[in-house]
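Student: Below, each chain spelled out in residue letters.
There are 2 protein chains.
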Amino acid sequence: MTFSMISHLSCPKCKETYSPKTIQQLCVCGSPLLVDYDLEAVKKSLTKEDLQDRDQSLWRYHELLPVQDENDIVSFEEGMTPLLPMPALGKVFDIPHLYIKDEGMVPTGSFKARGASVGISKAKELGVQHLAMPTNGNAGAAWSLYAAKAGITAHIVMPEDAPEITRKEVSISGAHLYLVNGLISDAGKIVADVVKQQGFYDASTLKEPYRIEGKKTMGYEIAEQSQWELPDVILYPTGGGVGLIGIYKVLRELQQLGWIEGQRLPRLVAVQSEGCAPIVKAFEEGKMESDFWENSQTHAFGINVPKAIGDFLVLDAIYQTEGCAIAVSEDDIRSTQKDVARIEGQFVCPEGASTFAAARYLRETNWIKADERVICLNTGQGIKYPDAFDVHAPVLEPNERISFSSNI
Amino acid sequence: MTFSMISHLSCPKCKETYSPKTIQQLCVCGSPLLVDYDLEAVKKSLTKEDLQDRDQSLWRYHELLPVQDENDIVSFEEGMTPLLPMPALGKVFDIPHLYIKDEGMVPTGSFKARGASVGISKAKELGVQHLAMPTNGNAGAAWSLYAAKAGITAHIVMPEDAPEITRKEVSISGAHLYLVNGLISDAGKIVADVVKQQGFYDASTLKEPYRIEGKKTMGYEIAEQSQWELPDVILYPTGGGVGLIGIYKVLRELQQLGWIEGQRLPRLVAVQSEGCAPIVKAFEEGKMESDFWENSQTHAFGINVPKAIGDFLVLDAIYQTEGCAIAVSEDDIRSTQKDVARIEGQFVCPEGASTFAAARYLRETNWIKADERVICLNTGQGIKYPDAFDVHAPVLEPNERISFSSNI
Numbered sequence: 001m002t003f004s005m006i007s008h009l010s011c012p013k014c015k016e017t018y019s020p021k022t023i024q025q026l027c028v029c030g031s032p033l034l035v036d037y038d039l040e041a042v043k044k045s046l047t048k049e050d051l052q053d054r055d056q057s058l059w060r061y062h063e064l065l066p067v068q069d070e071n072d073i074v075s076f077e078e079g080m081t082p083l084l085p086m087p088a089l090g091k092v093f094d095i096p097h098l099y100i101k102d103e104g105m106v107p108t109g110s111f112k113a114r115g116a117s118v119g120i121s122k123a124k125e126l127g128v129q130h131l132a133m134p135t136n137g138n139a140g141a142a143w144s145l146y147a148a149k150a151g152i153t154a155h156i157v158m159p160e161d162a163p164e165i166t167r168k169e170v171s172i173s174g175a176h177l178y179l180v181n182g183l184i185s186d187a188g189k190i191v192a193d194v195v196k197q198q199g200f201y202d203a204s205t206l207k208e209p210y211r212i213e214g215k216k217t218m219g220y221e222i223a224e225q226s227q228w229e230l231p232d233v234i235l236y237p238t239g240g241g242v243g244l245i246g247i248y249k250v251l252r253e254l255q256q257l258g259w260i261e262g263q264r265l266p267r268l269v270a271v272q273s274e275g276c277a278p279i280v281k282a283f284e285e286g287k288m289e290s291d292f293w294e295n296s297q298t299h300a301f302g303i304n305v306p307k308a309i310g311d312f313l314v315l316d317a318i319y320q321t322e323g324c325a326i327a328v329s330e331d332d333i334r335s336t337q338k339d340v341a342r343i344e345g346q347f348v349c350p351e352g353a354s355t356f357a358a359a360r361y362l363r364e365t366n367w368i369k370a371d372e373r374v375i376c377l378n379t380g381q382g383i384k385y386p387d388a389f390d391v392h393a394p395v396l397e398p399n400e401r402i403s404f405s406s407n408i
Numbered sequence: 001m002t003f004s005m006i007s008h009l010s011c012p013k014c015k016e017t018y019s020p021k022t023i024q025q026l027c028v029c030g031s032p033l034l035v036d037y038d039l040e041a042v043k044k045s046l047t048k049e050d051l052q053d054r055d056q057s058l059w060r061y062h063e064l065l066p067v068q069d070e071n072d073i074v075s076f077e078e079g080m081t082p083l084l085p086m087p088a089l090g091k092v093f094d095i096p097h098l099y100i101k102d103e104g105m106v107p108t109g110s111f112k113a114r115g116a117s118v119g120i121s122k123a124k125e126l127g128v129q130h131l132a133m134p135t136n137g138n139a140g141a142a143w144s145l146y147a148a149k150a151g152i153t154a155h156i157v158m159p160e161d162a163p164e165i166t167r168k169e170v171s172i173s174g175a176h177l178y179l180v181n182g183l184i185s186d187a188g189k190i191v192a193d194v195v196k197q198q199g200f201y202d203a204s205t206l207k208e209p210y211r212i213e214g215k216k217t218m219g220y221e222i223a224e225q226s227q228w229e230l231p232d233v234i235l236y237p238t239g240g241g242v243g244l245i246g247i248y249k250v251l252r253e254l255q256q257l258g259w260i261e262g263q264r265l266p267r268l269v270a271v272q273s274e275g276c277a278p279i280v281k282a283f284e285e286g287k288m289e290s291d292f293w294e295n296s297q298t299h300a301f302g303i304n305v306p307k308a309i310g311d312f313l314v315l316d317a318i319y320q321t322e323g324c325a326i327a328v329s330e331d332d333i334r335s336t337q338k339d340v341a342r343i344e345g346q347f348v349c350p351e352g353a354s355t356f357a358a359a360r361y362l363r364e365t366n367w368i369k370a371d372e373r374v375i376c377l378n379t380g381q382g383i384k385y386p387d388a389f390d391v392h393a394p395v396l397e398p399n400e401r402i403s404f405s406s407n408i
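Protein sequence lines, in the order shown, are assigned to chains A and B. FYI, in my numbering the residues of the first sequence are 1 to 408. FYI, in my numbering the residues of the second sequence are 1 to 408.
A couple of the hints might just be wrong.
Beyond 12 angstroms from chain B on every Cβ pair, some chain A residues (computed) [claimed, not checked]:
#1 L9
#2 S45
#3 Y361
#4 N366
Stretch-level coverage of chain A by chain B, calculated; a stretch enters the list once three of its residues show a Cβ under 8 angstroms from a Cβ in chain B [unchecked claim]:
#5 21 to 27
#6 188 to 194
#7 286 to 294
#8 302 to 308
In case anyone wonders, no lab produced these hints; they're calculated from the structure. For every residue, glycine included, the Cβ atom is placed at its ideal position computed from N, Cα and C.
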């Protein structure tokens, strides 16, 4: 059986098609390209049950991934992250069937590892030797480390105020790191110039078609871990929106595979910060594309994306699934991050916290019903953002003792 | 079938036995207690093959763990971490069969999660409401978050210069955090006073008998992931040494279960820093216990333990398996951390890096043979130690461009 059932690349805008055997970036029309598979062939040769005994990584779905030679895979066993119930927080929120999909449990501590594993593997297969990308931190970290494993040289440009820890990850991998006194959109312009100047592979979000294939595996895992009974709502912290686009792509693939027959699709929710909410604004205005968000700012750095190249795909996914887009405040993100840790013992990242804040709000307004199964996507570990809050603790001398005023 | 096959607790020094149904700390003789199981009963009711279809967490070994009621389990799906080949680094080291057991892939980003999951679960089962513990950072972080999930209040004392990120984890969980201007041994004295004063559960290393049961599961996983063919050498970064004691305990359990018949046990290697090497000194002198290491210092903070309460168990495990203890320099730890990242794309913690530095040295001296299968234990993520090295990167203005002097 063929390892990958990839057939070709296609443009969601102008419908032009491309070969997956050579390097492709954007469509000639400027749109991102998507990967198509021979789903009829997959349907004939693969069943849901076949998956059960496979490796505990996203590569268990290899027929539905773009890498054609198994030997090209660059992997640290990313994927099959926990899908855990949160009964205590669910009680507080009045959402008894509240779940976390915990993407902190992957190499490099963020869900960017999924895109990096598939993106770098395919780049290796295509013979890429140098790549360049702008990043808000975590993607650059993941791609640098996977590139090191693959023997590819990475050139990474990130905002100076991106989480400092991600600089360390890029640097130690041996990648070339540049900081910019600006936003990821400024980093993007620098990368575009490098790509033009040097002919490097452009690994910017959605400018290569394979990162999304890695991210989409979150959708397959949610379905498989739910015994192929889809949840009612999935909340996703939305910057570039690749994960949400990917999950929607999987829902469509699942329909074509006949693996979710008769089921209603989960309502997809794009969660943003009030400091950077271009998708929310477009959604509220019923538009198909977003406008550039001026002076964007949020401490949930991964969703500080003022204009996403795949915005039209994100909005389409929301509309098609009868989902919504919602912005939460910086204060809500901070307080919810604490609530999740204190009540459920999970130190989620600010982006992840935003989805819980949104779930609470959407339940309060009854957009989410009490009996619905709701999955919040935590896209990374809280420890990657040590500056998100301050700690005040007493400092003792070695001979000092703690005094308790009364028994506790 | 019984969920746990625990029978009793016993003292490795004076052989006194205790009940696992009530709270136990040290033996009356001052030694740590170990957990015994009815291994004959396990042997009759569980086969290696039975394990294959179980959950991907350390709780797959529940018969060999101390929690008696499944409902008491506090888990975030810790365990079954990747065991990955490192062919490129293995080539550099002339160890073709070099592997990493990557304990960065657990909740809270360090192997301390194993001890916390089992330790907190059992504490919950025993009705503990308050616990206190000294920590070099990662254990406190893990125990605080698992305690939050269990509804147990944690009181944590850590050195002021322990990794700052672990303070954040303790704090956000709602635990009571105290810093001490000293070492973990000073923190230990403060905790001992709190325990005496308030009657809190003492969760210090080996002062409760269950943390080791969580840590030991690394041994079961190494065996299972190696298809029950044990490796030749396992290198372990040794502070308190609980993991090494636990792995040796598993090797003995595996023998009694008849699951590794006729196999030679892996040689266990305790790796320390030259700045804190009490076990190495004791080993070189052929002693059964270590002396307090004065003015200990290492940037691999987790192994900065000047005198481990379980030192005699660590040394016994080394002697019984014909292993060794070895100290590596701070510079070697730093340069090896970079080598692992650049060559294999893995950002290991300094403690983990020390095991690779030791493996290289032991191969050079031919203590490790070229055809041996060697497993290095990486106990946590590099990102938890952002201060381990500095990053120098150029800072660009938004309108600046990168200039390449010539094509690469």
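Student: Compare the structure with each hint and give your call.
Tutor: Going down the list of hints, with the structure as the test:
For A/L9, the condition that its CB be more than 12 angstroms from all CB atoms of chain B holds, with the nearest at approximately 27 angstroms. At roughly 24 angstroms, the least C-beta separation between A/S45 and chain B is larger than 12 angstroms, which holds for a residue marked as non-interface. With a minimum CB-CB distance of about 22 angstroms to chain B, A/Y361 clears the 12 angstroms threshold, and the non-interface call stands. With a least beta-carbon separation of about 29 angstroms from chain B, A/N366 lies farther than 12 angstroms from that chain, consistent with its non-interface assignment.
Under the rule that three or more residues need a Cβ within less than 8 angstroms of chain B, the assignment of the stretch 21 to 27 of chain A is violated, with 0 such residues. With a threshold of 8 angstroms between beta carbons, the proposed coverage of the stretch 188 to 194 of chain A by chain B holds, since 4 of its residues qualify and at least three are required. Counting residues of the stretch 286 to 294 of chain A whose CB lies closer than 8 angstroms to any CB of chain B gives 0, which falls below the minimum of 3, so the coverage claim is violated. Only when three residues or more bring their CB closer than 8 angstroms to a CB of chain B does the claim for the stretch 302 to 308 of chain A stand; here the count is 0, and the claim is violated.
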